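Between the sequences and the hints, there should be enough to build the whole structure, so can you do that?
First to last, the sequence lines map onto chains A and B. Residue numbers for the first sequence follow the working numbering, so the first one is 1 and each next one is one higher. Residue numbers for the second sequence follow the working numbering, so the first one is 1 and each next one is one higher.
In case anyone wonders, no lab produced these hints; they're calculated from the structure. Warning: the hint list may mix true and false statements.
Because identical chains cannot be distinguished in the list, a pair is counted as satisfied if it fits within a single copy or across any two copies.
To be verified - Straight-line distance between alpha carbons at most 27 Å, and here's what the computed DSSO-like set of lysine-lysine pairs gives: (1) K232 - K2; (2) K188 - K116; (3) K286 - K116; (4) K2 - K116; (5) K232 - K59; (6) K59 - K175; (7) K209 - K286.
The model shown is predicted, which means the values in this text are computed figures rather than measured ones.
Number of protein chains: 2
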Amino acid sequence: MKLSRLGEFGLIERVRRATPRGRGVRLGIGDDAAWVQTRSGSCLLTADLLIEDVHFDLKWTSLYALGYKTLAVNMSDIAAMGGTPAYLMLSLGIPAAFNSEDVDEFYRGIRSLSVKSGVALVGGDTSVAKSLFVSACLVGQAPYRPITRGGARIGDDIYVTGTLGDSALGLTLLKRKSPKLSAQRAAKFLFSRHHFPTARVRVGATLAKEKLARAMIDISDGLLQDLSHICKASRIGAIVAEERLPLSSAYRSLAGADGTRHALAGGEDYELLFCARRRDRSRITKLEEVTDVPITRIGTCVHWRDGMTVLDRTGHRVETRTAGHDHFKPL
Amino acid sequence: MKLSRLGEFGLIERVRRATPRGRGVRLGIGDDAAWVQTRSGSCLLTADLLIEDVHFDLKWTSLYALGYKTLAVNMSDIAAMGGTPAYLMLSLGIPAAFNSEDVDEFYRGIRSLSVKSGVALVGGDTSVAKSLFVSACLVGQAPYRPITRGGARIGDDIYVTGTLGDSALGLTLLKRKSPKLSAQRAAKFLFSRHHFPTARVRVGATLAKEKLARAMIDISDGLLQDLSHICKASRIGAIVAEERLPLSSAYRSLAGADGTRHALAGGEDYELLFCARRRDRSRITKLEEVTDVPITRIGTCVHWRDGMTVLDRTGHRVETRTAGHDHFKPL
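What follows is the structure, given as structure tokens:
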């Protein structure tokens with residue numbers, strides 16, 4: 001059905017009916033505001049924009065994947081504070097040519113992750129727009145003291161969860177549109193990492209609960225860019241060992257001449273990057289076992305004046321542009 | 001300065017520096033998520049989109065006014081629940097041709113109202129976009145039980161705050177671009193009502209505190225449209241007396257042949273529309289005195305099957321299209 005026939009209120013009603021009432025939701029979609037419970041007397045708030053032709057291209061992203069990813073990337077921000085994602089507010093700008101089925105597909109993507117993660121969609125806004133954009137605001141619970149970017153100290157270890165570069169390499173391969181390549185298992189893995197990122201909520205919350213991480217951020221703009229945010233906020237420098245970067249076997253088999261470029265500066269990993277005391281190494285290893293998420297020590301915090309360095313296995317400096325995404329800077 | 005030179009992080013830093021740290025903000029702009037206090041263990045959430053050429057036109061809206069209005073319309077939603085606006089998350093899609101001074105002007109508009117109202121800007125997202133849009137999410141405190149749209153009963157009185165139609169008539173006159181007209185005091189008043197709406201936070205909160213309103217909504221899409229939302233949620237009908245509609249003297253002097261059309265269906269009034277028991281009339285009158293905001297009884301709740309009717313002073317039915325804004329329906 002054309003959205004112009006369904007109308008704004010018809011669309012809202014359709015979304016309301018398809019949305020399960022979540023835990024802690026006292027009043028969900030359909031009034032002037034949603035009314036939700038917070039457990040600790042404080043909460044976390046994060047927001048992300050996803051704009052067509054800036055953050056995504058419908059040529060290689062389905063609306064289902066876009067919905068899923070919208071929630072996942074916001075959950076990742078809450079995870080990076082050590083919080084628990086709880087309530088989603090979702091605003092959509094939709095081109096008039098879209099059908100209600102298109103919008104349904106987007107919300108199905110949202111729902112598939114919200115059901116798994118216990119996040120409730122509680123409200124938002126919709127409007128016609130020239131091109132598609134998604135604006136999400138996610139409220140998280142903060143049962144433990146949130147972990148900021150600003151607490152790392154000289155001598156701390158630097159860790160990342162999961163593997164790096166899969167998403168960026170996956171996008172690069174998607175753009176090549178090679179049917180032969182796309183049939184490969186390794187490529188499929190990378191595509192899936194690009195479309196369906198995993199927010200590391202449990203790892204983040206445990207790091208907060210056990211006061212293990214002194215500074216934390218999620219990697220959305222590329223390892224180096226996001227590490228630079230920790231460096232700036234904590235007033236430290238960092239040395240990263242290139243050979244320690246956790247790379248998936250799919251990445252290793254398909255990166256070719258790109259080497260570690262996507263892992264260092266690709267972006268959209270949505271893995272956690274955090275700093276912890278040297279004396280907590282065994283506790284971090286234990287956390288890896290308990291959560292079944294790979295956690296890799298990739299470097300060390302050094303003095304601010306030493307800046308950020310990536311060293312290869314022979315101890316030579318790897319040439320890195322301080323790349324990463326900046327949506328206003330021309331490429 | 002061009003935004004492409006300032007960059008995304010430069011812009012965020014600029015906004016962060018210009019933003020006063022608000023009450024209850026434990027961590028504001030600049031980390032993965034903001035961390036804020038909630039007093040009652042629950043909170044209210046509302047979101048609004050403002051899209052260029054759909055909700056506003058920069059030909060007759062300054063960026064300062066747009067900023068002010070962005071916060072005001074979201075505050076109005078929280079007011080309509082009887083809550084207190086507290087924390088603002090603000091996401092902006094900005095055309096690459098904008099200067100950082102343009103963005104500054106927008107944030108000055110936000111700031112002028114946030115300082116007055118005690119709302120703290122705590123985060124958001126920014127990106128380049130084809131045309132300007134603003135996506136806001138506002139968190140409110142709920143010290144009293146929120147007032148929904150669903151509690152009105154047959155026989156209840158229907159009230160509105162302030163005056164109706166000023167904003168819509170103001171916009172109509174702005175579009176005429178008549179210098180002679182624009183110099184008139186009455187026109188200036190209407191323009192100001194359009195650009196700088198007043199969220200009725202104190203009235204809303206008092207109605208919630210004293211459990212006076214049984215159902216409430218703010219008038220954003222026009223009196224009739226928003227009254228129909230109350231009727232649907234409360235399963236009632238409504239009779240409105242046209243002669244009781246509160247009209248400003250500016251409206252009366254400039255509406256001409258439009259009569260009460262803008263007051264009934266114009267939209268963007270951001271006044272409160274609520275239903276209360278007949279026996280509470282004197283308490284409502286007292287509230288009007290205490291808050292110094294006009295509160296006018298305009299009608300009565302009737303049986304659902306009688307629908308919604310507007311009667312003129314002779315008791316005849318006023319022809320009303322169930323107009324009001326629907327951003328997907330063609331005009």
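**Asked** Of the hints given before, which are not true for this structure?
**Response** 4, 5
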